Amino acid sequence: MVERFGKFFRYHFSHWVYGRIPPSRSIALNNRSLFIFPSKAGFGFLLLVLICWLMATNYENNVVFAITCLLISVFVITILHSFSNLSGLKLSFVRATPAFAGEQLVVELVLHQEQSRYRESLSLSFLGEEAVATTLHDQEYIHVKVPLYAPRRGIYNPGRLTLESAYPLGLLRVWSKLDLDIGCLIYPQPIFTSSETVNAHSRGNGPLQMGDGSEDFVGLNNYQQGDSLKKIAWKQYAKEQGMYTKHYADYQDERIWLDWNDFPGLDRETRLSRLCGSLLQVSATDKAYGLRLPGIEILPDNNEEHRLKILRELALFEEPSRGDEEEQPFRKKPL
Amino acid sequence: MIPSWQINRHALIWLLLAFVAVIFIHSAHLPHWIIVAALVAIICRVQRYRGAWPTPNRWIKLSLLALCLAGLFLEYGSHLIGLEPMVALLVSTYALKLLEMEHRRDALLVVFLAFFVAAVQALFDQSIGNAAYILGCFLLVTAALVGLHQGDTKIQPLRPLMKAAVLLLQAIPLMMLLFIIMPRLGSLWAVPIQSHSAKTGVTDTMTPGDFSRLGRSADLAFRVSFDGAIPRQHKLYWRGLVLSNFDGRQWSRSAPDDFNYGGFDKGGILQWFGRQTQPWDSLIERLGQPLHYSVVMEPSQQPWLYSLPTPLPKSTGIALTRDFRLLSSTSVTTKKQYEVDSWLDYKIAANDVSDYRRATELQIPRGYNPRTVELAQRWRRQNSNDKALVRKVLGLYNEKFVYTLQPPLLGKHSVDEFLFETQRGFCEHFSSSFVFFMRAAGVPARVVAGYQGGERHPDNYLLVRQYDAHAWAEVWLAGEGWVRVDPTAAVAPERIEANLEEALRDKEGFLADSPLSLMRFRHINWLNNIRLQLDSLNYSWARWVLGYDAIQENLLEKWLGSYSPLRIALALLIGGGGMLGLLALWQLRHRFSSKHDELDRAFLQLCKKLAKAGIPRISGEGPRAYAQRVAEQRPDLAREVKAINSVYEHMRYGNESQERLKVLKWAIRRVK
Chain Y
6 MVERFGKFFR
16 YHFSHWVYGR
26 IPPSRSIALN
36 NRSLFIFPSK
46 AGFGFLLLVL
56 ICWLMATNYE
66 NNVVFAITCL
76 LISVFVITIL
86 HSFSNLSGLK
96 LSFVRATPAF
106 AGEQLVVELV
116 LHQEQSRYRE
126 SLSLSFLGEE
136 AVATTLHDQE
146 YIHVKVPLYA
156 PRRGIYNPGR
166 LTLESAYPLG
176 LLRVWSKLDL
186 DIGCLIYPQP
196 IFTSSETVNA
206 HSRGNGPLQM
216 GDGSEDFVGL
226 NNYQQGDSLK
236 KIAWKQYAKE
246 QGMYTKHYAD
256 YQDERIWLDW
266 NDFPGLDRET
276 RLSRLCGSLL
286 QVSATDKAYG
296 LRLPGIEILP
306 DNNEEHRLKI
316 LRELALFEEP
326 SRGDEEEQPF
336 RKKPL
Chain Z
5 MIPSWQINRH
15 ALIWLLLAFV
25 AVIFIHSAHL
35 PHWIIVAALV
45 AIICRVQRYR
55 GAWPTPNRWI
65 KLSLLALCLA
75 GLFLEYGSHL
85 IGLEPMVALL
95 VSTYALKLLE
105 MEHRRDALLV
115 VFLAFFVAAV
125 QALFDQSIGN
135 AAYILGCFLL
145 VTAALVGLHQ
155 GDTKIQPLRP
165 LMKAAVLLLQ
175 AIPLMMLLFI
185 IMPRLGSLWA
195 VPIQSHSAKT
205 GVTDTMTPGD
215 FSRLGRSADL
225 AFRVSFDGAI
235 PRQHKLYWRG
245 LVLSNFDGRQ
255 WSRSAPDDFN
265 YGGFDKGGIL
275 QWFGRQTQPW
285 DSLIERLGQP
295 LHYSVVMEPS
305 QQPWLYSLPT
315 PLPKSTGIAL
325 TRDFRLLSST
335 SVTTKKQYEV
345 DSWLDYKIAA
355 NDVSDYRRAT
365 ELQIPRGYNP
375 RTVELAQRWR
385 RQNSNDKALV
395 RKVLGLYNEK
405 FVYTLQPPLL
415 GKHSVDEFLF
425 ETQRGFCEHF
435 SSSFVFFMRA
445 AGVPARVVAG
455 YQGGERHPDN
465 YLLVRQYDAH
475 AWAEVWLAGE
485 GWVRVDPTAA
495 VAPERIEANL
505 EEALRDKEGF
515 LADSPLSLMR
525 FRHINWLNNI
535 RLQLDSLNYS
545 WARWVLGYDA
555 IQENLLEKWL
565 GSYSPLRIAL
575 ALLIGGGGML
585 GLLALWQLRH
595 RFSSKHDELD
605 RAFLQLCKKL
615 AKAGIPRISG
625 EGPRAYAQRV
635 AEQRPDLARE
645 VKAINSVYEH
655 MRYGNESQER
665 LKVLKWAIRR
675 VK
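Chain order of the listed sequences is Y and Z.
Position 171 of the first sequence, counting from 1, maps to 176 under our numbering, and the rest follow consecutively.
Position 480 of the second sequence, counting from 1, maps to 484 under our numbering, and the rest follow consecutively.
If you are wondering where the hints come from, they were derived from the structure by calculation, not from laboratory data.
Be aware that one or more of the hints could be misleading.
Below, computed lysine-lysine pairings styled on DSSO-like, alpha-carbon distance capped at 27 Å [unchecked claim]: (1) Lys45/Y <-> Lys404/Z; (2) Lys666/Z <-> Lys95/Y; (3) Lys251/Y <-> Lys240/Y; (4) Lys616/Z <-> Lys669/Z; (5) Lys101/Z <-> Lys239/Z; (6) Lys404/Z <-> Lys239/Z.
Fair warning: this is a prediction, and the values are worked out from it, not measured in the lab.
In isolation and in its complexed conformation, chain Z is listed as follows:
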């Protein structure tokens, strides 16, 4: 019979602390019963260590396992393939393993599970705070691992933690080197993603009220760094979606755009970065120099990306669509960094627009908004010039319309009611009514959704928040092509020139969903500074760590001369070898200075003193013989020298503590 293994106390303490810490960060997306089960597992483990409870037998363990599986099935039912069910399964395995830990092998498995479960948390949240928390978990888990391999349990319980801290700290330089140099392969196969996270930001439909809802949130949408100066505020139109379909109430994307994204490339709808140029690309005339910038987008769970017109993608996995927007090959589920070139001066389809496109952009539902249709046709007859017509409609808005976050509700004929009755609205009302009006007048027009403007950070980047969400219009004018028209600018120019806060200062509703946001306290200087500092830190984290994939190749090419496997391997070898060499010197420094060296130094000091006094040590003379000789020649020193020799001998050959060395040195100093 093998003697049953018992985990030592320190290892158990650290193992349980690590368990609590790891489960705690997952608690947000775990069913409550798993948390309870984990607590029960801890109690069981502690009671078993104390000897209060017996080892659970096989049947108890099996029924617990069955209970957990049943619970998971009930909780997640049909959608078992997903990130949350997987994590729940992992955490229950972790708890069960903690419960049945019988051998050292089991304890090791618990430790490895702890590492893994902590790492999985990063799939849910990549923020800098969360990463630091995971590092803290790793410290505890490593301490548990050290505790498991510590022979003596009588020593202080903090020793495993100290050792773990030393290990992790020493590991960090090498980790950074690996992180910088190791090539990223990109997704190897499709993996389950988070299923319960809400889509955020601009959606691909627009009904009255959508954008005013976004106006209540100060959440970040994306950050942008420009090469050079940030363009003027009124030029910052971040195009995300083109909405061409109108059913009387809701704007949506037109049918042919409505495809699945995964690698879709049929019919030349998408022009991927790095692939061949599509024929329709010739419709764009790009004028002047491009503006290069890099966007770090917050997860939106949606595939469209934002860019200034007219964009050309500069990162892999991004395509230009036929309506000159950017599209990602996968939904943006984690922070995503991409590089874009944009030409702010452009002409698109200047000379002609295809019949299909014209039909799409002129479509209006029958039987809706008769008053608007009637007015549009009347004005059409009065103005043969499309441009003049646009100016006239904008003049209408300018007269007596009100820009507000809390517009009145609209009925079936939403455009009619807005134009002729309520006349209070947010950007979606203005853009929607404008496009409807233009279409009714026979001018191809469409709604464009995205963001407008952004906050300029002192560190020269732009912060675009959800309340910057905006909708505007594009009309097709012969000879000029697709031209941006923003009816909101006609009503509230300060919205476009400054920002929404400026336009809605002191009005109700702004930031209503972010009551604690630091954005609310921008007028308090020091708080605002802290907010900007924090954002700068987060942005650096997002750009240099989370979005590192996008810049790795260029960066390494700059540093190593070329981005080749040989150079990478060499850099790893030389860099890693250098770091390890330095660490090895530090780690083995004890070999270069030992207690005996110090003892011998002290003794040599005595010899020097005595040599000055005229009694040099003869070569080959042992300390004892020397002391004897000194005692004979200088009886006044006899007592001291003999005492020193005795201490020396004890220290040299016996097991004397370090304290005696101090006494010895002191005694030697006193010899005159």
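Isolated chain Y (complex conformation):
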């Protein structure tokens, strides 16, 4: 029952918040977007006030009564101080460093203000993630990097960012739930396969030149006059199996294809993960590599830009439906 009520409350609260603070890349905090409520310590303080009041009343002691009034008054005044600690602060989303699914993603934000004021004990966090604490000391802006867990590939919106502070007395918590319209690019979680497999698969499909290469061992040929001594298979010779030369093959232009069809029988995500793993392995060499996905073909190349382009394709290929986002309580459309 309580749980249902809690769910009901959260649902409607999130709608209300959505209406008050619509998503935007840059949000200024003001009385529309800031919420304030006593913290646990605040309720403790109110209990203290109650005890003091009882003491004042029972002892008919006006000094204790005045002290009680002072405590109440401090509590009320603190509302203003807590509020002005955050009010006027602007929060902008700068970028999210792409990451692989399952790893940590860093969202970079800028906190800026037009005034030069102290903004104490700010804490930024995404739902269920570790909070980052920071302070603004009459600077105009600071960069803040908020880490969070990257759950799955695609464009990921981590939901609303909670910015909160309990300054100055910790009795009141001021917070805002901000949707900075963050889209983090998350690459598939790489699954690494042994390098042989990569090559084997690649070879089957690549334009292989069976000429006299030097890269990959293909087989043994009978020794012919004029063959390089370096290529003689001395092992076989020592075993008195005859005189052979090792035969190597090179790809025509050393191109590798990362191909969707290399992984028959696997589901989409596993294929993408394997392709991602292969990509990471291949991109560490100086070979050119390309990507073939159903409906997409990226011609082989080898540079950082190319690598990021392929990673991007892998991340966004038939991107998982936005259905996942239904789990994000603060992303629902208003009724």
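Got chain Y; can you put chain Z on it based on the hints?
Using the frame of chain Y, we list chain Z on its own:
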């Protein structure tokens, strides 16, 4: 494993300072070992912060707790329910909590305990100085609380204190509003009170020497404000107690008066303010207009109150007794303010006195003071008129008796010895012997104890001190009722007309118990002025703050039109809302003027100058494009304008300090 929380340095400093300050004010009524324990707690905390000592384990903590409880038990034993044991327990909890502070939660608890322990101090002492000290403690505690929530510890250590000061200062107007408006409910249940405080002032017994002891003290008994002028000095007889019982040495209250006070109302002995009038009230004839006054009494730990005859209480919780004194429903343990109407002209039981009353007021112990009894009966036979008899006895005192603070000791037949041998005494000797004499002569008489006179403060109120304590007599005369007779006035009229100081000038013993009292330096003018100023401040504090309960209802009725919950709520809302609104404007003033505004103003100034020079800015033209255009048209200004633009851009879009703004303004001023 949760990483262990470590309190930050600033918070710790303020927390420890607050701890020392709070414990210090309590030190007067705490056992010494608790002070030592508190010091040990501080040392432990500092050493742990430095990493020198490890975290105490559970067993150490438990044994410390047991030690403290055992100590408290040994210290207070059987009377564990009382204010002092409670405070001692509270302070030891506070010290132990400081010691075992492991989490932020614990630190918060320490802070709340600090607030509470500081507030409790006000139960012991409500003086203005103590209240200021408590406010100081609150400042330190608040600073500690701010320190706990300050993110950055690299900044100056005074910042939490500044923030706390700002918070408290801003809170004061609202506090005053709450204090003035919030209704007082009165005691909800009985609470333990201070057990070790000595009763002060006039007691309900009188033995020779009691009043001369009070004559040695300049402590304040009560202050009185009259509506209108203060009556003449010789009319200021503050009745407190009626002593009818005499056992040969000691005067005490008569048996039926000897009741418990808590709400006692059986048999119509008490007539409470606001309740129905008792039948015996008709015995009093109140003549003329009443005198209205307000008394602020210092704690006496006793229930009787002082008033001019004949009083009628005007504050709740106060009753008129059958012998026309005032009584409080509880002992006066803190300053108490009450309002009274008194009729200085009166007749009480003019026509007849009840048999019981007559028997009580004629009782004398057998076998005591035979010479006095013999003389009284002889004079009785010579004078059939009671009034003439009274005059004759007073004439006896007037002849050769001496008024002194240091009377000789008296033996068993104290009245005989005083009347016929020593003939030196203080008010108790005179009143005691007079009443005994009258009773022996068959005239109903009783001793009345209280205060006489008082010092007139320039601010038109009266200060009554312990050395104003006085005892006099009342005799019953047919046709006149109970009449006040003061035998001391016959011996030392200056005591009654002026004051004790006048009567005992340069005599030993006066103020002997108050060697440093400013009262001793009354002849030094500027010191006396300071003394009077201080007293005025203290009296205002006592009247308007400590005794506010008594005047709140009338005051609010005057201000709000009526004393109703609706009006109170409205006053709170409007007053509090107004204050908060003003504060909010002040607090959020930064929003109305920002650094950029100032920057833009400077830039607009430049635009104006250039427009005068014939190069107005085209609408929509950016600063850079404008600077470029100016540079082209006025090559002589090119360098300056470009430099200004560059600074402007840096300030507008970069992170430039405030100092550059000054440079920019200066540069703009220089452009001709």
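For each hint, the structure was consulted:
Among the hinted pairs, Lys45/Y with Lys404/Z is inconsistent with the structure: their alpha-carbon atoms are about 79 Å apart, more than 27 Å. Distance check on the hinted pair: Lys666/Z and Lys95/Y sit about 26 Å apart at the alpha-carbon level, within 27 Å; holds. Between Lys251/Y and Lys240/Y, the direct Cα distance comes to roughly 10 Å. Compliance with the 27 Å bound is thereby established for this hinted pair. For a cut-off of 27 Å, the pair hint linking Lys616/Z to Lys669/Z stands: about 18 Å separates their Cα positions.
Note on Lys101/Z and Lys239/Z: the hinted pairing is violated, with a Cα-Cα distance of about 59 Å set against a maximum of 27 Å. As the CA atoms of Lys404/Z and Lys239/Z are separated by approximately 26 Å, the hinted pair is consistent with the 27 Å bound.
This entry does not satisfy hints 1, 5, going by the numbered hints stated previously.
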